[in-house]
Amino acid sequence: MEPLKIVVTGPVGAGKSTLIRTLSETEVVDTDALTSENIGKETTTVAMDYGTLHLGDQLLYLFGTPGQDRFDFMWDVLSDGALGLLMLIRGDKPEDFVAARKQLDYITSRHPVPYVMGVTRQDRPPVWGPEEVAPFFGLPLQRVVGINATDPQSAATPLIRLLELMLEDQRAV
Amino acid sequence: MTKQEQLQEILRELKQALPELRSIVVASTDGLPIVHAAVDAPRVAAMAATALGLGKRISQTTELGSLEETIVRGNQGYFVVYAAGDKGVLAVSAPADANLGLIHLEARSFAGRLAQIL
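These protein sequences, in sequence, are chains D and A.
Quick note on numbering: the first sequence equals residues 1 to 173 in our numbering.
Quick note on numbering: the second sequence equals residues 1001 to 1118 in our numbering.
No lab work stands behind these hints, which were simulated from the structure alone.
What you are looking at is a predicted structure, and each value in this text was computed from that prediction instead of being measured.
Be a bit skeptical, because a hint or two may be false.
Unchecked claim - No farther apart than 30 Å at their CA atoms in a straight line, the calculated lysine-lysine pairs in the DSSO-like style are these:
| # | chain 1 | residue 1 | chain 2 | residue 2 |
| --- | --- | --- | --- | --- |
| 1 | A | Lys1003 | A | Lys1087 |
| 2 | D | Lys41 | D | Lys5 |
| 3 | A | Lys1015 | D | Lys41 |
| 4 | D | Lys93 | D | Lys5 |
| 5 | D | Lys41 | D | Lys93 |
| 6 | A | Lys1087 | D | Lys41 |
| 7 | A | Lys1087 | D | Lys93 |
| 8 | A | Lys1003 | A | Lys1015 |
| 9 | D | Lys102 | D | Lys41 |
Given the sequences, and given the hints that come with them, work out the whole structure.
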């Protein structure tokens, strides 16, 4: 089976780097820089994160993007050749949903690939669950998964869902 | 002198030392412009931070030691990004016929001065 390239994107602080560190079976390539803005954390990704993961026999290459709009050129660079997209949003930060929606439109309009949304921080209530987030983005519930990005089993669930959707798409063709 | 004035002064001196430079951007390592002489500085600042961040990681992963600079060379010129301490980046662009050795010599020393202030 050919490896699949998956892009992990989402606003700042959604948990993209965390998810890749949680899941990767190989040493993660990260590009953290000190932050100069108040974004609630010390460092931020400026180029990419990279990790690899097997789901069953399927090898996935995970490419994480920077979160800030000013790095949108990297969204394009990293999405080139991707076969699926995982969009992460923080369930306890609904004020980021509008930015997330723009980001999702930006990427999927240029790179039309199957995508799934992961709603992070489900372990830290009060938090929006997938059933509340899905209508906001106008997505069917099967495309929205609630996760905890620090838990390996939980973090893998949206990727499993993404693979299922990609298989369904193939069958439909 | 305020920090901003000191940085403007360094920018002015760098322009004087290397008049062939097409643009100069000083940015934070997370890609926000601080002082500049460039059109489209916000975009250049973000790209400079990306180039430097990726360069650092490549340098580490391929055992090249600590990063000196990241160079992009097109057929019409250079874009070079220097680390200015661990908080800043200095990005300059120059035409293809510029003296790259001289640019390195000056820019590295200016990057050192910027690092002191940032």
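Straight-line alpha-carbon gap lysine 102 (chain D) to lysine 41 (chain D), limit 30 Å: holds, 23 Å
Holds or violated: lysine 93 (chain D) to lysine 5 (chain D), with C-alpha atoms at most 30 Å apart: holds, 28 Å
Given pair status - lysine 93 (chain D), lysine 1087 (chain A), alpha carbons within 30 Å: holds, 28 Å
Restraint check for lysine 41 (chain D) with lysine 5 (chain D), where alpha carbons must lie at most 30 Å apart: This hinted pair holds, its Cα atoms lying about 28 Å apart.
Given hint lysine 1015 (chain A) paired with lysine 1003 (chain A) - CA-CA distance at most 30 Å: holds, 19 Å
Straight-line alpha-carbon gap lysine 1087 (chain A) to lysine 41 (chain D), limit 30 Å: Between lysine 1087 (chain A) and lysine 41 (chain D) the Cα gap is close to 15 Å, so the pair holds against 30 Å.
Pair hint lysine 1003 (chain A) and lysine 1087 (chain A), alpha-carbon separation not exceeding 30 Å: holds, 14 Å
Satisfaction of hint between lysine 41 (chain D) and lysine 1015 (chain A), Cα-Cα up to 30 Å: Between lysine 1015 (chain A) and lysine 41 (chain D) the Cα gap is close to 35 Å, so the pair fails against 30 Å, i.e. violated.
Hinted pair lysine 41 (chain D) and lysine 93 (chain D), Cα distance within 30 Å: holds, 15 Å
Hint violations for this structure: number 3 only, all remaining hints satisfied.
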